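**Q** Okay, here's what each chain looks like letter by letter:
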Amino acid sequence: MKRVSFYALVWLVVLWCLAPFLWQIVTSLKTNAEIAALPVTYIPRHAGLEHYDALFTRKPFARYLLNSFVISGTSTILCVGLSALAAYAVSRLRMRGSRLMLAALVVISLFPPIIFFFPLYEMMRAAGLLNHPLALIIPYTTFNLPFSIIVLATFFRGVPRDIEDAAKVDGLGRLQILWRIILPLSTPALATTAILVFIFAWNEFLFALTFMTNDRAKTITAGIATLSGTTVHETPWGPIAAAVVVSTIPLILLVAIFQRRIVQGLIAGAAKG
Amino acid sequence: MKTRASDQTFGALLISPAGAFVFCIAIYPIARVLWLSFFAQNLATSLQPKFVKIDNYIRLANDGHFFATLRTTLFFTFVSVVIELVLGLAFALLLNQRFRGRAIARAAMLVTWALPTAVLAWAWSWIFNDQFGVMNDLLHRVGILARPIAWLGSGSTALFAVIFADVWKTAPFVMIILLAGLQNVSGELHEAAAIDGANSWKRFRFVTLPLLMPSIMVALLFRAIQSFGIFDLIFVMTGGGPGGATETLAIYTYNTYLRYLDFGYGSAMIVTSFLLMALCATLLYWPLSRTRGAQFATE
Amino acid sequence: MQTAVVRPRIPQYAQASDILQRYVSAALTERMTAADAMNAAAKETRLLLRQ
Numbered sequence: 001m002k003r004v005s006f007y008a009l010v011w012l013v014v015l016w017c018l019a020p021f022l023w024q025i026v027t028s029l030k031t032n033a034e035i036a037a038l039p040v041t042y043i044p045r046h047a048g049l050e051h052y053d054a055l056f057t058r059k060p061f062a063r064y065l066l067n068s069f070v071i072s073g074t075s076t077i078l079c080v081g082l083s084a085l086a087a088y089a090v091s092r093l094r095m096r097g098s099r100l101m102l103a104a105l106v107v108i109s110l111f112p113p114i115i116f117f118f119p120l121y122e123m124m125r126a127a128g129l130l131n132h133p134l135a136l137i138i139p140y141t142t143f144n145l146p147f148s149i150i151v152l153a154t155f156f157r158g159v160p161r162d163i164e165d166a167a168k169v170d171g172l173g174r175l176q177i178l179w180r181i182i183l184p185l186s187t188p189a190l191a192t193t194a195i196l197v198f199i200f201a202w203n204e205f206l207f208a209l210t211f212m213t214n215d216r217a218k219t220i221t222a223g224i225a226t227l228s229g230t231t232v233h234e235t236p237w238g239p240i241a242a243a244v245v246v247s248t249i250p251l252i253l254l255v256a257i258f259q260r261r262i263v264q265g266l267i268a269g270a271a272k273g
Numbered sequence: 274m275k276t277r278a279s280d281q282t283f284g285a286l287l288i289s290p291a292g293a294f295v296f297c298i299a300i301y302p303i304a305r306v307l308w309l310s311f312f313a314q315n316l317a318t319s320l321q322p323k324f325v326k327i328d329n330y331i332r333l334a335n336d337g338h339f340f341a342t343l344r345t346t347l348f349f350t351f352v353s354v355v356i357e358l359v360l361g362l363a364f365a366l367l368l369n370q371r372f373r374g375r376a377i378a379r380a381a382m383l384v385t386w387a388l389p390t391a392v393l394a395w396a397w398s399w400i401f402n403d404q405f406g407v408m409n410d411l412l413h414r415v416g417i418l419a420r421p422i423a424w425l426g427s428g429s430t431a432l433f434a435v436i437f438a439d440v441w442k443t444a445p446f447v448m449i450i451l452l453a454g455l456q457n458v459s460g461e462l463h464e465a466a467a468i469d470g471a472n473s474w475k476r477f478r479f480v481t482l483p484l485l486m487p488s489i490m491v492a493l494l495f496r497a498i499q500s501f502g503i504f505d506l507i508f509v510m511t512g513g514g515p516g517g518a519t520e521t522l523a524i525y526t527y528n529t530y531l532r533y534l535d536f537g538y539g540s541a542m543i544v545t546s547f548l549l550m551a552l553c554a555t556l557l558y559w560p561l562s563r564t565r566g567a568q569f570a571t572e
Numbered sequence: 573m574q575t576a577v578v579r580p581r582i583p584q585y586a587q588a589s590d591i592l593q594r595y596v597s598a599a600l601t602e603r604m605t606a607a608d609a610m611n612a613a614a615k616e617t618r619l620l621l622r623q
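Chains D, A and H are the protein sequences, given in the same order.
Quick note: the first sequence, position 4, residue 4 per this note's numbering, numbers continuous.
Throughout, this note's numbering is defined as the position within the second sequence, counted from one, plus 273.
Throughout, this note's numbering is defined as the position within the third sequence, counted from one, plus 572.
For the record, the hints were derived by calculation from the structure and aren't laboratory data.
Remember, it's a predicted structure, so these values are computed and weren't measured experimentally.
Across the chosen pairs, the derived CB separations fall in these ranges:
#1 LEU185/D x ASP590/H: 54 to 62 Å
#2 LEU418/A x LEU592/H: 34 to 42 Å
#3 ALA104/D x PRO322/A: 24 to 32 Å
Only some residues are given here: those of chain H computed to face chain A with a beta carbon under 7 Å:
#4 GLN584
#5 ARG594
#6 ALA612
#7 LEU619
#8 GLN623
Straight-line alpha carbon distances no greater than 30 Å define the calculated DSS-like cross-link-like pairs of lysine-lysine that follow:
#9 LYS615/H x LYS326/A
#10 LYS615/H x LYS323/A
#11 LYS2/D x LYS475/A
Note that CB positions come from ideal geometry on N, CA and C, so glycine has one too.
Let the hints inform the model, and build the full structure from the sequences given.
**A** Set out below in structure tokens:
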């Protein structure tokens with residue numbers, strides 16, 4: 001009996017977590033008439049994909065997706081690459097002030113984005129980068145650096161010194177040690193960091209909203225958030241639901257495949273914070 | 274001594290690219306905002322900067338709406354963070370048990386955490402829709418509501434709705450942090466306490482909770498700071514409405530910059546709210562650093 | 573139409589209008605007395621227009 005109520009509780013929690021998303025799936029499959037029908041139906045009577053169709057024909061939705069992939073992907077590669085160099089310096093070289101630097105990074109990573117958006121907007125406008133992918137790639141790379149440096153430094157510290165010393169004896173230079181020894185041994189850590197940075201970049205909203213004013217330059221997150229009907233009272237709930245489902249599929253796949261990694265990475269980032 | 278010096282140079286070389294990014298994209302903007310806050314740069318000055326000393330701060334001290342949004346932000350932060358901590362702790366305790374399907378339950382919570390807030394805000398405004406929303410329908414079916422509520426149409430219910438959505442979105446994050454903390458709580462202590470006759474509540478209260486305190490403080494600090502700067506969820510769900518009831522500091526600042534084009538004043542707003550946030554964070558961090566010190570001392 | 577007045581030509585019209593609107597609403601919903609609300613609105617608007 002106790003076992004049964006325990007499992008009931010577990011499934012209740014799972015339902016609570018997934019319900020808003022499941023409800024979007026149900027809504028996206030309904031016809032417009034059924035969406036605006038009372039009483040509310042919980043299983044679509046005439047399930048169809050018309051709203052998904054509308055997304056790709058009436059809105060540059062494929063373009064939003066492409067922008068998001070390009071921007072998040074590039075930021076991830078840049079960010080992880082730069083962080084690997086910095087994290088190696090912080091964790092393996094005897095450097096003065098590295099602790100202080102890490103502490104400063106933690107503080108900066110806690111600042112809310114609203115603090116930065118206007119000066120960055122000015123900079124991007126002056127550089128002629130508004131509506132250009134770089135306008136987002138540069139800040140996404142920067143603001144994810146603190147987190148990924150901290151996570152990578154934690155993992156690099158775990159690589160045994162002996163291996164490095166042996167490599168030194170073999171005559172490898174320090175850059176070669178990083179490239180040939182430390183990085184291959186830290187592939188799991190690099191993957192974890194990359195997944196998290198990708199998720200953060202994919203989900204960012206404020207910069208994407210303000211730096212990308214041209215519809216074709218928008219990322220999917222900002223593109224969906226600014227979807228609306230011709231009047232305030234005509235919110236297109238069907239297409240929005242379809243958009244929510246499509247834009248979140250990449251993230252759901254990432255979580256489903258890498259959930260163990262993600263948890264480890266978040267813990268490493270938070271524990272040091 | 275020689276290797277030490279070259280370590281220093283080589284290290285500086287490795288850090289410099291990341292350092293350049295952080296300096297130009299994170300540190301310079303902070304200085305720029307501070308600088309701008311002493312200038313009037315708005316429509317009246319044709320968007321040209323004009324040095325006005327502390328005028329912007331004087332305006333801010335007399336701005337009733339600034340204090341109203343500050344109150345809304347503090348209320349939002351306090352209520353949502355408290356509920357998130359309780360719920361996140363409950364989730365973590367649940368997932369700390371061994372049971373079949375644990376991976377599925379954990380994945381469900383992670384999905385919630387990983388989805389973009391700005392996008393899921395639509396899901397919540399659809400759930401809280403006054404005419405066709407599922408919240409009204411469910412509450413009506415179980416007999417709690419006789420008549421549908423326009424959740425996002427009046428101040429107090431709209432604030433309730435955004436807090437509800439925020440709790441849903443971020444409780445899993447608290448869960449992850451606390452689950453990590455729980456795994457450090459050794460089973461031996463529990464067994465010892467059980468042998469001494471402590472029931473499960475007492476074991477939770479006197480064994481688990483004190484050991485979990487550092488993790489709780491980390492989660493609290495992270496969440497409080499993020500909540501204080503909340504923008505995306507509210508921007509999409511209510512836009513700060515109705516009648517400014519859900520307008521937080523970040524929304525007001527955003528409007529001051531991009532709707533009123535009052536750049537100097539917006540900057541003063543950021544500096545002031547940032548200092549308030551730093552003050553709150555220090556007040557929170559102080560006990561945090563003490564619990565940490567205590568933890569290290571026992572190691 | 574004879575009684576119609578053109579909106580005041582000030583650059584910060586949107587801001588001034590929002591300030592007034594908030595205090596009118598505060599007075600109408602009896603969160604403030606009408607006199608207090610108008611005084612506060614006037615003070616904020618003056619500070620705004622001084623720049």
